[in-house]
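Novice: Line by line, the protein sequences give chains A and B.
Each position in the first sequence, counted from 1, maps to that position plus 34 in the working numbering.
Each position in the second sequence, counted from 1, maps to that position plus 21 in the working numbering.
There's no promise every hint is true.
The following label-pair restraints were derived from C-beta to C-beta distances [as the list claims (entries may be wrong)]:
id	chain 1	residue 1	chain 2	residue 2	range
1	B	TYR127	A	ASN358	45 to 51 Å
2	A	ALA111	B	THR347	26 to 32 Å
3	A	ARG365	B	ALA212	55 to 61 Å
4	A	ARG365	B	PHE287	37 to 43 Å
Please keep in mind that the hints were generated in silico from the structure rather than gathered at the bench.
Glycine included, every Cβ here is placed at the ideal spot set by N, Cα and C.
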Amino acid sequence: MTTQNREEPMLRVVNGTKVYGGAQAISGVDFDIGRGEIHGLVGENGAGKSTLCKALAGAISLSSGDILLDGQKQSFATPADALRAGIVMVYQETSLIPTMTVAQNIILGREKYMTRLRGMYIAAQQLLQSMNFHVDPTAMVSTLGAAQKQMVEIARAVHHRARLIIFDEPTATLTPEEKLHFFDLIRRLKAEGVAIIFISHALEEALELTDRVTVLRDGERVHSGPTMELSREILVKHMVGRDLSQTYYADARKPRAHGARKKKVLSVQNVIMGKMVRNMSFSVYAGEITGISGLIGSGRTEIAKVVSGVLKRNFIYGGMIYLNGKPIRYRIPRQAIADGIVYITEDRKLNGFFETMRIDENIYVGRISTPEGRTMLLSRKEQSRVGNEWVQRMKVRAINSRARIIELSGGNQQKVVVAKSLVQNPKVVFFDEPTRGVDVGAIQEIHDFIRSLAAQGIAVVVISSYLPEILSLSDRILVARQGRIVEEFSSAEATEEKIMYAAIH
Amino acid sequence: MADAVAIKDGGSAAVKMSEGKFGLGTLSQETLVLATTVVIFLACALFVNGFATLPNISTLARSVSVLGILGVGMTVVVIGRGLDLSQVAVLAICAAWSLKLIGLGYGLAAGIAMGLGMAVAIGAFNGFAISIIGIPALFTTLASGTLVYGIGRWLMLDGIITYAPDNQPFLLALGQGEVLGIPVPLVIFAAVALVGHFILSRTSAGRFVYAFGDNAEAARLTGVSVRVLTIGQYAFSAAVAFLAGLVTAGSVASINTNVFSSSLIFDVLLIVVLGGVSLSGGRGSIASVLAGTALIGTLLNAMILLDVQGDVQNIVKSVVLLGAITLDRKLHPRDEETARQGDL
Chain A
35 MTTQNREEPM
45 LRVVNGTKVY
55 GGAQAISGVD
65 FDIGRGEIHG
75 LVGENGAGKS
85 TLCKALAGAI
95 SLSSGDILLD
105 GQKQSFATPA
115 DALRAGIVMV
125 YQETSLIPTM
135 TVAQNIILGR
145 EKYMTRLRGM
155 YIAAQQLLQS
165 MNFHVDPTAM
175 VSTLGAAQKQ
185 MVEIARAVHH
195 RARLIIFDEP
205 TATLTPEEKL
215 HFFDLIRRLK
225 AEGVAIIFIS
235 HALEEALELT
245 DRVTVLRDGE
255 RVHSGPTMEL
265 SREILVKHMV
275 GRDLSQTYYA
285 DARKPRAHGA
295 RKKKVLSVQN
305 VIMGKMVRNM
315 SFSVYAGEIT
325 GISGLIGSGR
335 TEIAKVVSGV
345 LKRNFIYGGM
355 IYLNGKPIRY
365 RIPRQAIADG
375 IVYITEDRKL
385 NGFFETMRID
395 ENIYVGRIST
405 PEGRTMLLSR
415 KEQSRVGNEW
425 VQRMKVRAIN
435 SRARIIELSG
445 GNQQKVVVAK
455 SLVQNPKVVF
465 FDEPTRGVDV
475 GAIQEIHDFI
485 RSLAAQGIAV
495 VVISSYLPEI
505 LSLSDRILVA
515 RQGRIVEEFS
525 SAEATEEKIM
535 YAAIH
Chain B
22 MADAVAIKDG
32 GSAAVKMSEG
42 KFGLGTLSQE
52 TLVLATTVVI
62 FLACALFVNG
72 FATLPNISTL
82 ARSVSVLGIL
92 GVGMTVVVIG
102 RGLDLSQVAV
112 LAICAAWSLK
122 LIGLGYGLAA
132 GIAMGLGMAV
142 AIGAFNGFAI
152 SIIGIPALFT
162 TLASGTLVYG
172 IGRWLMLDGI
182 ITYAPDNQPF
192 LLALGQGEVL
202 GIPVPLVIFA
212 AVALVGHFIL
222 SRTSAGRFVY
232 AFGDNAEAAR
242 LTGVSVRVLT
252 IGQYAFSAAV
262 AFLAGLVTAG
272 SVASINTNVF
282 SSSLIFDVLL
292 IVVLGGVSLS
302 GGRGSIASVL
312 AGTALIGTLL
322 NAMILLDVQG
332 DVQNIVKSVV
342 LLGAITLDRK
352 LHPRDEETAR
362 QGDL
């Protein structure tokens, strides 16, 4: 393999750490890659893969630690700096400009003061041909398919004389045949001495293609070594590997009476929405917590949004959704809320709370948006009653219910967002990442609260990337992959390994 | 217990920080503007000849009232993160059409009702185009204003100026009358401001306007019917503009549709933004408009009395507007992430 390069790696990250508002995205990560090496980077969602690569590509800068290129310390302030040093990142959502032609996109950022169209097209044509890409350089990028766009991205990287190309989930959008071409190309780039970082959830691909693999977990490097010594099982173990925590959560899981199955409240049948939800079927029962696990992009968030009226499923052949046996199709969330279905957002800052308002005002807005809470005139008495009640029930830590929500910690803001939905008296609640960016103490309180909801007979659905959360909360675990529910586990049989195995292909 | 204490400490630190950062804006932008107004007012009273006379104060109140009435409508729209540039066209065309219908013998009530109906229809159309078709408010209202003006001048009205019909004392009273010594336009302004204040602070619709302006998607997810709300906002703004048109008509016994090409809409935005209604939505109140109206009214009146050239007046107004918007942007950055840096 590339052992001769190991002594003097082309690029090295020493003790890389990135802190986002108190939370460490990566901490003390060491990483190195040599010339002509294909290096796989694997880990769960949020393990820090993207953070590390964005730091290499200059999209973000490290809080501490060094990036060494050929032994020289680098500080990339912008992606352009990294580009000059020969590092290119090919993102999942392509960064091409759709209204420009292929050739224009390829030379973007390297234009001369005067660009001759003909010369540009000829150069682009030669470049594409040399790589065996069948893409018309005069075609508009918006008319290309996903694989062709990927090719243009790669051509652009090569045109920029990249020494290191970072691919973020490059195969997710490719067909099997395109995948083969893509692998060929990567091997050819490798032969030319280009170093490649390959981020993938598809472990088989990582095992097939790479020379070395680094596994990240919770922002730390847990393993790094030659691919030959690895197998799928070992990788999964490294990725999950929370043996301790698992036993802890296994204890926390209380045995529940499963003798009598509760009433089926929600039935989702063959629901299709665009490309994200391809064919989803599952049921939700009253008094039960249904966990939905899956990678980002598996359609787990989208299906919750479809059920609760935030997104619309396909109008034709969109499948059926039944609430208590009655078919439903919502245009707007208001209708779903009137029927008792609420969706609690995964990103509270983006669309969770009203930052200019106080705690009680936030909760009261939720109340008066429902049919039973509807009112012409606001009632201050009702507002403070509702505010105080829910501040107590959710154990929101604030001076009182009239504190401004913007002044609260993340966990307390999340509690208010939850309260704003629960004050609407729902029968079905979707929690999307209920404890993201929440401090440890608050996580426990939110979990306890979710359990108490189910105990009251409410049908609860919890969507989470964090497996211990899913395992400790759920009575039943569904695993989504590529827009489908592919597995269902009872809480007794589920383990982190089994869920992870089902979630990745 | 230990982490509860820690959270409490963090909380009070955040409070302090926010006072340092936002205190000047949210707490006292209105107060600041009002204080400036008082200073300018006193300065004018002392140094400008003819300012502190009863007739002049009365003129000031009348001239400022139309601006203030429009400002109330604009405030409701801007708090909901919108903009209504069609107000002046509605003011001119709908009110002129009302005058014409009354002149043709339709009767006072019917004429006003039809003008009001047309205004509300235009407002509802604005709201429809913005919330359902999805055209940005700036372009929707810019285009609909020009459209209304064009249609009005071409099909509905006979000339540039539409005169108020004779023997309609009620119409003239709207602009020229007095109640207990207070000019009627000022009374109407006060009434509109009260209604606007009531809607914004005491009704669920008003709360939804704030919620929508603060975070439109969060409002939708919470179950607010955002489309109906948007349509209602623009309909209110247009209705208020029609009322301002009647007051204008009453004060000079006619409507000059050329007001459409004046800088009136600019002045309206000026008073709204100046008082602290944030263009990024969700912030501000009717009190903000009152403060802004008082300041700009005094400033304009003083400049006229001092015989400041029109061009110089425009320069002063523009600089004040740019300054106010800069202040707004500084205090309430539109970028959501940076806006929330304060709590981290």
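Novice: With reference to the structure, classify each hint as holding or not holding.
Specialist: Structure-based check of all given hints:
no.: 1; hint: TYR127(B) / ASN358(A): 45 to 51 Å; verdict: violated (56 Å)
no.: 2; hint: ALA111(A) / THR347(B): 26 to 32 Å; verdict: holds (27 Å)
no.: 3; hint: ARG365(A) / ALA212(B): 55 to 61 Å; verdict: violated (38 Å)
no.: 4; hint: ARG365(A) / PHE287(B): 37 to 43 Å; verdict: holds (39 Å)
When held up to the earlier numbered hints, the structure conflicts with 1, 3 and fits the remainder.
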